[in-house]
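Student: If you want the building blocks of each chain, they are given just below.
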Amino acid sequence: MIIGALLALGVGVELACCLGVLLRRSAIDRLHFAGAGTTLGPLLIGAAVLVEESVSSAGVNTILVVALLVVLGPVVTIATARLIRELEP
Amino acid sequence: MNAYLWAATVLLLGLVPLLVVCVRAPPLDALPAVELAGSVTALVLLLLAEGFQRSVYFVVPLALAVMSFVGAFVYVRLLARLR
Chain A
1 MIIGALLALG VGVELACCLG VLLRRSAIDR LHFAGAGTTL GPLLIGAAVL VEESVSSAGV
61 NTILVVALLV VLGPVVTIAT ARLIRELEP
Chain B
1 MNAYLWAATV LLLGLVPLLV VCVRAPPLDA LPAVELAGSV TALVLLLLAE GFQRSVYFVV
61 PLALAVMSFV GAFVYVRLLA RLR
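Top line first, the protein sequences correspond to chains A and B.
If you read the first sequence in the working numbering, its first letter stands for residue 1, the second for the next number, and so on.
If you read the second sequence in the working numbering, its first letter stands for residue 1, the second for the next number, and so on.
This is chain A alone, in the form it adopts within the complex (with noise of 0.2 Å):
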């Protein structure tokens, strides 16, 4: 039951970041969007395998990969705003 909310929660994050990107038009607006899929959405469909594996090998490869999501995400989501920044008049 919490696995399959936290599934769809997630996904559901994950589709509306995505048509949020289509249907932007500037650059900057896209990556709102953008930047909210690359942690929201990590962090419930994380947390829906968390619960089903607990502390295994394939629950601390979730931890990981949803972390490297999370922290990396926004450092490269900082990195294209300033270059939009720069290039955009």
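Think of the hints as simulated: they come from the structure by calculation, not from any bench.
A few of these clues could be false.
[Unchecked claim] Pairwise CB distance ranges, derived in the manner of DEER restraints: (1) B/Val59 - A/Pro74: 20 to 30 Å; (2) A/Ser54 - B/Pro27: 15 to 25 Å; (3) A/Val60 - B/Val16: 30 to 40 Å; (4) A/Glu52 - B/Leu12: 12 to 22 Å; (5) B/Thr9 - A/Ile2: 19 to 29 Å; (6) A/Glu52 - B/Val20: 25 to 35 Å.
Here the structure is a predicted model, which is why all the values come from computation and not from measurement.
The beta carbon of each residue, even a glycine, is placed where N, CA and C say it ideally should be.
Guided by the hints, dock chain B onto chain A, whose structure is given.
Tutor: Chain B in isolation, oriented as in the chain A frame:
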């Protein structure tokens, strides 16, 4: 099919709008789509690994999470030099 495989299949559909943006938008506008596509693909692989119950498959999304970060940074540097 279990819930993880269904979730991975539905999440794969999220790559379609990102592909449309990558094809149609200018490079700077398409860069956020490329970054999000890396995260979505890593999550799809994570869900597939859990869905197939093979712990060795979990290495693949781990490698992709690192490589998509490196790839996005390469694109950022490349676009900065091309201005």
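Student: Determine for every hint whether it applies to the structure shown.
Tutor: Hint check results:
{"no.": "1", "hint": "B/Val59 - A/Pro74: 20 to 30 Å", "verdict": "holds, 24 Å"}
{"no.": "2", "hint": "A/Ser54 - B/Pro27: 15 to 25 Å", "verdict": "violated, 43 Å"}
{"no.": "3", "hint": "A/Val60 - B/Val16: 30 to 40 Å", "verdict": "holds, 32 Å"}
{"no.": "4", "hint": "A/Glu52 - B/Leu12: 12 to 22 Å", "verdict": "holds, 20 Å"}
{"no.": "5", "hint": "B/Thr9 - A/Ile2: 19 to 29 Å", "verdict": "holds, 21 Å"}
{"no.": "6", "hint": "A/Glu52 - B/Val20: 25 to 35 Å", "verdict": "holds, 33 Å"}
Hint violations for this structure: number 2 only, all remaining hints satisfied.
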